[in-house]
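*Asks:* With the hints as your guide, set chain B onto chain A.
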Amino acid sequence: MESEARTTVQSASGALAHLGFDQSSRPPAGAPGLRSSVVGAPSAVTGEMLADLRRSESDLRRFLHGLPGVDQVGAEARAASLGTRSIKTSAKLWALEMAVSMVDLTTLEGADTPGKVLSLCAKARRPDPGDASVPPVAAVCIYPDLVTVAKRALVGSGVKVASVATAFPSGRASLAVKLADVRDAVVAGADEVDMVIDRGAFLSGRYGLVLEEVQAVKEACGQAHLKVILETGELATYDNVRRAGYLAMVGGADFIKTSTGKVSPAATLPVALVMLEAVRDFAELTGALVGVKVAGGIRSAKDAIRYLVIVNETVGEAWLDPSLFRFGASSLLNDLLRQRSKQLSGVYAGSEDFSIE
Amino acid sequence: MTKSYPDHKSEGAAGAELARRDDATEARKRADAPGQPSPVEESGQLVAADRPDQVAFEYAPAPESRSVVHLQPSYGLFIDGAFVEPVDGNAYKTENPATEEVLAEIAAAGLEDVDRAVEVAGRAQKEVWGPMPGAERAKYLFRVARIMQERSRELAVLESLDNGKPIRESRDVDVPLAAAHFFYYAGWADKLDYAGFGPHPAPIGVAGQVIPWNFPLMMAAWKLAPALAAGNTCVLKPASTTPLSALLLAEIIQQADLPPGVVNVITGAGSLAGAALVAHPGIDKVAFTGSTEVGKDLQRALAGTGKHLTLELGGKAANIVFEDAPLDQAIEGIVNGIFFNQGEVCCAGSRLLVQESIADTVVERLKRRLATLRVGDPLDKNTDLGAINNAAQLEKIRELSDAGEAEGAIRWSPSCTLPSKGYWFAPTVFTNVSQVHRIAQEEIFGPVLSVLTFRTPEEAVAKANNTVYGLSAGVWTEKGSRILWMAGQLRAGVVWANSFNRFDPTSPFGGYRESGFGREGGRQGLGAYLDV
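Keeping their order, the protein sequence lines are chains A and B.
Sequential numbering of the first sequence, starting at 0, is according to numbering that gives the first Met the number 0.
Sequential numbering of the second sequence, starting at 0, is according to numbering that gives the first Met the number 0.
Derived from the structure by calculation, the hints contain no laboratory data.
Any given hint could turn out to be false.
Below, in silico cross-link-like pairs of lysine-lysine (DSS-like), each with a Cα-Cα straight-line distance of 30 Å or less [as the list claims (entries may be wrong)]:
1. A:Lys-87 with A:Lys-341
2. B:Lys-462 with B:Lys-366
3. B:Lys-478 with B:Lys-462
4. B:Lys-366 with B:Lys-420
5. B:Lys-295 with B:Lys-366
6. A:Lys-87 with B:Lys-395
7. B:Lys-366 with B:Lys-92
8. B:Lys-478 with B:Lys-295
9. A:Lys-87 with B:Lys-366
10. B:Lys-380 with A:Lys-87
11. B:Lys-420 with B:Lys-380
12. B:Lys-420 with A:Lys-341
13. B:Lys-92 with B:Lys-395
14. A:Lys-301 with B:Lys-380
15. B:Lys-380 with B:Lys-366
This is chain B alone, in the form it adopts within the complex:
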């Protein structure tokens, strides 16, 4: 391996080379006079001439090893503490969205499977998990959290394989946050009396939890940890395109010796297994994260059933940059806001609202920054932007982006080569966007940023609130009083100040209006699983 490196410096010429480089410096300085070609371009050529073999700091591929993951050819349902074949279901295939390679065959639960999962969960709740002292439940949850940390690399690689997100994010964000949620709620399990819901708050019963494909493991943790801490048992339905990390979590739960039936994972289509699960009479509490459209259907279906419901739905967050913002960090915040997880984030900062006085500067600097984004193999440790999770989503992103162009907004992407196989979309910025455009109103759920401008703080608030959603917002300014005022005015569940997309298990997260209701995280997240 090491033999193949090019010998990129000729022998003995080093001194002369240094001298040449000094000449290069002089040439650069001379070129500084107005009207001369750009000094940087000039120096680029000179440096290139110095180093014929490698002209720039090109990062070599740094792939994370797949060997840590042991994929099975097929996976069953996790019911009553064991992996079982579906009784009346069938199977489908899950693929790697970066390559379209089939990863494994996954069981698709049928109605009988759902029945069985709900039934064992009900029994486990009444006989084992509900009566168990909180301190004992905590021990199990701490154990799950620790095993997640021990197997973090495996979880991260599997997540990136199945979802398409960069390993940098699954390794540094998804997996640590998922474990942190278990640690956090484990701490609450024996302190429910002091959580502010009155003495002896009771669990609700059996929770049916349906989660999306954008943060498969993290969403599973957000749902399971508070439910279990409060004494509920769970039937979890992961998204059909990303079942693998939830199944590995089930394996971890098995390893942690959780009593059978406390956590059950059923895989399959939302329209069948998901719909059957939430409609099942044995379910006392439904928690759903996903699209607003499905959330509305769910709420209609559950009306009058007496089931508890929390919904975490779509968003069209405004990331508001004032002229006195810390500019370099604001640029990072914009990038992180919309390109984190390929923009497949319900709280993504998909609308950049920038004060008109600095709009051109911000857009110019943003474009310069985007030129350094690394798009490609999700398992490469240097990748910033991975694959879109599935073909249907890619189609939706394409359709809305085309609509943006058709409506007159100006489309821009940095030059980047996208892989020929798999589902890919280049980071995209739309300028000249108006409030009436679809790309300013509809959730794109992809790496597409719409740039709008405002003149005054009042106008920023009005435009930010001018949406059916209300999940999150960001405010960038060095003026502390304005941050506080904006936070009070913005109708969003989360307002980030001089930051974006920062998550913490201690902080409640959730939306207003068509972004849903209920909170996950913090003490408030516990309330969603207690009969209070």
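Just chain A, same shape as in the assembly:
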């Protein structure tokens, strides 16, 4: 028993060592490629380390609490400073189109109907009917019971169907119910599943429980991509955001996502910064590239571009791709289209020129 306990302690410190306190597995600094955003190759012992974290809750806790802290003032100052970047002309056009292709066009209301979802899907396929050069959005994000409707409407479009699940948005249900929710969505054809973590378990320190749920949901997802919603507005501190982000990634998340959109504050620039730093460090640690989705409260193109700047200067251009960065939003898309047409024509279109779903 005793020797076993010692081994787990050692492996936890090994995990820490790989989090940037050990240079042995690194290529020489300044290696070429993408402004050296990710400066590590996957280490052979990484898989073992991750397995240890998944096996032992005490290892996991030690690992999460051993992560470097986040200074609130510094993180917010950095995010604010990046928020002053001035993106103009060709760069703006590029960013607007990139942002369109990263939108998870969302409707998550009790009043959702097949009709509403169908109109959203039409918008997703061709956001600007007057301009075929506008890319389709990345996905449509809906409740599980409407997945079949969306799936049918999006056939052949390349637009994914993302379904929230696991007793969204509160997550207050048994694991069995949550998994049934996920299976429902997957059987109906969801390409992506947006789950919520158990914030109650996280805040009371039951990290093992949170991890097990993520793993179980990942398994239930099968081929579907898993986005794990941290609901950062309820986690309150940046240290918690970073820990919850790691927890989700260790559990197998393909994406970590800020918010349900049902809790305020939802996505903020500093929260996105901390999550992007987490995925960058996780990539350095394990070689796996995990995506980030910011959701809730992002309504203007200007805000969207600020997020893209943070992505660009924190993790680099690998993440400037819909497969690794998404906006969960409903009204954002029309502002992106409006600003795009302004860039091309020089004049603002009226709000009636863009469809309202």
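*Replies:* Same frame as chain A, but now just chain B:
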């Protein structure tokens, strides 16, 4: 303008493109196995293939408009509330250090001009400004502060033009802080009795103030605002390479209707106008910010004259990073500490003292971060690092950096293209630096960081204090008790905890030992201009 955008996405292929991108994701994931090429490089190529016209998020030029600034071909001296031609002086040219373009012709004050400025300042102090109730003086200062805010864009552009600093900094730091100093000290003007210097503290008289070129407007505000609030009048001598923002401030002072003679600005060389000003018998108080060398000369010259003196001189600050530091923010703090204002900051964190256990990680992450620094046109709103202010300074930075290499330290800079005209120096990091090296001892005053290591908190303190300077220091750790202990041990006027280069008018700023004496900012800054 809008016609020239490349149509970077082919029509109708969007769906297929998305599918391709998914394949790209799969390829990335497959490439994650050990021994494969770096996944990021791989994806970089794939993304590039997707977007033949623009492969990355390249920020287009975003220049701040120069049109807000109305440069005059030549500027006179600001004496007795008016711009006048020098009586016995001549003229010189001030240039834009980013392009070497001549901006304007500037008057170089002669001895008679200095005499006249000091004389009108003396009269204004005795007859108008000194006797005026504090509440009235406050009104003028509030007015100056408000006009500075109203004309902030003009001030920022002019500052960047003349100094070479990025517009992002002049706009977000220099100008707002300068206005904030006027607001802050305006509030003190009618409350001097309660400032802790006893009842009815008296002004000293006429202040001769000589300021440097690194923060031309902010230094002018730091000097003028407390002096005026306390009832002194001023003769300000801006640095010869950066006179324009002080002259615009003089125009603002004129606009605010300050009584003539309360503030006078004389331009010209430090060796002539500056030296004559501080030596003038009509000056009661000398405030100088600049090099330690000149500060020493000044103190010698003023010995026995009875003049009050405050000096804010050089520095070689230690930025101390412990192994339990908030790492991402510490990296930002290191960058901000030494690359803010091209490192031309007396309190710059030019010595990084990093705990040996995390030294490699910190250096690696620092280099990764520096690769994203944007060096170039100071007027571009996305520029992080601008031009070095003048040729002599650039030469000094080069000389000390070469000495660093010669002494065996390892030199590194991110790849960046520097403009061919103007005074430019790439951000530079030296590792393998020892305490004995010149780059660990001498103030470089440029974008050059020396990285040293330590093992224990005691060793960090010993190394940080092992300098002739004592202006500032930074401590990065998540342990609050250690921050407090370090702050008590470090012989520096300012100790920043988990931050660096943060300024506030309410906080006193100043040095120990060869960094000078006296404090600027806060209640203490007021004391420097009162006869207490």
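*Asks:* Against this structure, judge whether each hint is valid.
*Replies:* Hint by hint, here is what the structure shows:
1. Pair hint Lys-87 (chain A) plus Lys-341 (chain A) holds up; C-alpha atoms about 12 Å apart against a cutoff of 30 Å.
2. Our distance criterion of 30 Å between C-alpha atoms is met by Lys-462 (chain B) and Lys-366 (chain B), whose separation comes to about 24 Å.
3. A hinted pair counts as satisfied when its Cα atoms are at most 30 Å apart, and Lys-478 (chain B) with Lys-462 (chain B) qualifies at roughly 20 Å.
4. Distance check on the hinted pair: Lys-366 (chain B) and Lys-420 (chain B) sit about 26 Å apart at the alpha-carbon level, within 30 Å; holds.
5. With a CA separation close to 37 Å, the supplied pair Lys-295 (chain B) and Lys-366 (chain B) exceeds the 30 Å bound.
6. Restraint check: the Cα-Cα separation between Lys-87 (chain A) and Lys-395 (chain B) comes to about 37 Å, which exceeds 30 Å; the hinted pair is violated.
7. Pair hint Lys-366 (chain B) plus Lys-92 (chain B) does not hold up; C-alpha atoms about 38 Å apart against a cutoff of 30 Å.
8. Between Lys-478 (chain B) and Lys-295 (chain B) the CA atoms are separated by roughly 39 Å; this puts the pair beyond 30 Å, and the hint is violated.
9. For a cut-off of 30 Å, the pair hint linking Lys-87 (chain A) to Lys-366 (chain B) stands: about 28 Å separates their Cα positions.
10. Restraint check for Lys-380 (chain B) and Lys-87 (chain A): the C-alpha separation of about 10 Å stays at or below 30 Å, so the hint holds.
11. Simply put, Lys-420 (chain B) and Lys-380 (chain B) have alpha-carbon atoms about 20 Å apart, close enough for the 30 Å limit, and the pair holds.
12. The suggested pairing of Lys-420 (chain B) with Lys-341 (chain A) is violated, with an alpha-carbon distance near 36 Å, which exceeds 30 Å.
13. A threshold of 30 Å between alpha carbons decides the hint, and for Lys-92 (chain B) with Lys-395 (chain B) the separation of about 22 Å falls inside it, so the pair holds.
14. A threshold of 30 Å between alpha carbons decides the hint, and for Lys-301 (chain A) with Lys-380 (chain B) the separation of about 16 Å falls inside it, so the pair holds.
15. Between Lys-380 (chain B) and Lys-366 (chain B) the CA atoms are separated by roughly 23 Å; this keeps the pair inside 30 Å, and the hint holds.
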